[in-house]
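Visitor: Protein sequences appear in the order of chains E and H.
The first sequence begins at -10 in my numbering and counts up by one.
The second sequence begins at -10 in my numbering and counts up by one.
Once the Cα atoms are required to be at most 20 Å apart in a straight line, the calculated SDA-like pairs of lysine to any residue come out as:
no. : chain 1 : residue 1 : chain 2 : residue 2
1   : E       : 100       : E       : 152
2   : E       : 24        : H       : 198
3   : H       : 413       : E       : 90
4   : E       : 149       : E       : 182
5   : H       : 110       : E       : 335
6   : E       : 93        : H       : 400
Hints in this document: simulated from the structure, not taken from any laboratory.
Protein chains: 2
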Amino acid sequence: MNMKNQTSCTDDEPYLKIIKTDGFVESDYLSNLQKRICQNDKRIESEVRSILDNIKDFGDSALLEYNKKFDGVDNIQRLTQEDFKKAYDNTPNDLKRALNGAFKRIKSFHKKQLEKGYSIKTNSYELGQIVRGLSRVGIYIPGGTASYPSTVLMNAIPAKLAGVEQIVIFTPSQKNGILNNDILAAAYVAGVDELIGVGGAHGIAAAAYGTQTIPKVDKIVGPGNIYVATAKRLVYGVCDIDMIAGPSEIVIIADEFSNPEYIAADLISQAEHDVLASAILLTSSLSVAEKTVECISKQTQFLSRKTIIKNSLSSFGCAIVCKSLDEATFIANEIAPEHLEILTENPNILLGTIKNAGSVFLGEYSPEPLGDYYAGANHVLPTSGTARFFSPLSVSSFVKKMQFVNYNKRALEEVKDDIICIAKREGFDGHANSISVRFTN
Amino acid sequence: MNMKNQTSCTDDEPYLKIIKTDGFVESDYLSNLQKRICQNDKRIESEVRSILDNIKDFGDSALLEYNKKFDGVDNIQRLTQEDFKKAYDNTPNDLKRALNGAFKRIKSFHKKQLEKGYSIKTNSYELGQIVRGLSRVGIYIPGGTASYPSTVLMNAIPAKLAGVEQIVIFTPSQKNGILNNDILAAAYVAGVDELIGVGGAHGIAAAAYGTQTIPKVDKIVGPGNIYVATAKRLVYGVCDIDMIAGPSEIVIIADEFSNPEYIAADLISQAEHDVLASAILLTSSLSVAEKTVECISKQTQFLSRKTIIKNSLSSFGCAIVCKSLDEATFIANEIAPEHLEILTENPNILLGTIKNAGSVFLGEYSPEPLGDYYAGANHVLPTSGTARFFSPLSVSSFVKKMQFVNYNKRALEEVKDDIICIAKREGFDGHANSISVRFTN
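My request is simple: use the sequences and hints to build the entire structure.
Guide: So this is what it looks like as structure tokens:
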């Protein structure tokens, strides 16, 4: 598919097609979008399942074998906060400042998500809910070029705030023993406890099941390739996972007052992620759509990820010219995008009508990369239309709740007949007995 | 397996084995517990997948065929609040009172879980989080004898409080057209909007994908047999689901002051659910364990679900005599039970040491059936050890969150260098461009 798009997309062609809504064209286009979403690949699934089973059954020895086979290393690197500190000390000052600035804003945004337990208390009974941080969380960080310090911050900061006792990065060991310095520096800034050098499906298995030397985790978060994503899906239930992530997308709503230069830049910044990324403009102005297409060609030529941008825009990008902003909003809610930018004259007016989106960026000085790195809101967001029902990663993602009930004799006596009534209607006389046994003799 | 247990378990035998902790026996026992947890059955999975695909591709016509094939009915029953009202009017007064009493307490407990959005605002930027109820939720209710009004209340009340716009029960149509009156009465009390008569895997498919006449839902909750559970697992991601539920369990912590009659009754009430249910006593007193075994034999003989109780207690029940209450607590946390009763002299002292449990019942007048039906805490709880990382069903289960970010020019200008620095380190010059384009001209 990539090859095809590469050849079909010459430099003369505009990257972004423009379509006008007529009730059919755009729904055809939108259902094509769904095809981006990876179907479960049976071959990969069975390969991953056998890796999971081997780690589960043989632990460290299997892990070492896979580390040798897949990453060409003879050991399992384990780093601690001291190593992170050294990496931080070796970090250029501008990145240090940027990481600390991002840390501060991410922490301040997520602090507001801290949940407290509660209780309802009378003279004769008390009941309530207790909130506890998870004991141990694994953050998966891909190896190689797709290794991002911002991912470390976005995953570790809410976990830390939630009171997670141990935060552990799982990432592939490197042949030369040298891990990405920026990742380690970010781990230092965010207060990660440990890094274990196992990646891929075997890394996920080690996190979920544990081995002789690696304690199992309660939850695995973080991005990864199709093997990692499949492994996460298969261990869901053995531990918790953050989400089933699909390819990501941006939708931009624009009117005749929006600046095509900015629209183009923001569509491009989404498209450069990967060839499956989708960047969609919904605008009430044909002229803005046309100017955006021009700006995209102009801006893209100087960018290093030009080929990816071209491919994703021509495959899954589109400018849809809508009859009204109401129609644009309606379509945006149908798409339920990961990122939504509202670049209209009065963005706040539209916000109230947005029902489904991961993160909404309002006005022309809130481009999506501001959210990716710095504003403080999380960048781990529901993708591929799942914003209809999933939420951004948050402090809540790293806690669990526990209920408690404490009745005294009088309190139970007052309600015992009702309980016995329901229990008997449901055919559970053992349940009824558990109440009545307390009031006989 | 059931047959074997039935024959090996005569009336003379005690139902519950007693073991003493030595570090090995009990961990053997606990790992045997894990075997209850159903492995994915490939035959069922492929059968369910084909049902899902047919409903997805053919909608209503496939749904009607499955309703004919599996439930022997020629139509799809659809009931609304008027029908629920009629059923309520036909309900005996004692059940009306019990349902209303339960409703009131469940509502009062869950009201405390309502979440508000928040925002952080300065002169130059604002960002925050908006909380919205899901649009449409499906509650699966099994047909036939396993049809429980308490399930309707426990699932619908938090959904209603969360602001879900449409709450729809999916349940098998009945040949005679007559649905369980108690279910409909509970639907009336809880304010359910509609009932659609499709059950099994095809019911789950209709809920997840929608058909020509049935709009798709955002989330499916509620219990069901292995076909329903498999279908829910497979549609996870198409919509949200409540949890991957396994067989349920109770753990009771007792000391020498605990009443064996009550312990016995409460172990029995868990065991009567089904043959895979597990009921475990952890006690520091051998004598209490022995008396509990006697009480179980005595109490069980008059109960209607005697055979199920016998089977589950002999397969997955156990009295573990611990060296101390500390050891008992340690084992309870390892099991991470759905229900935990603390029947010791000072139950509140132990509560602080409980890390993993769905619902904790404190003291001798808080038996688990009080929580199943009436106290107000939810009875949809993490099972099979997943209380390590999952939470009880709550209002939070029925909302989604959406972030928003709104910077003005000055605010973005202040942080632009940091953003560009991180973007470039991560190799995304398109991201950097989306910031810098706003400050060049």
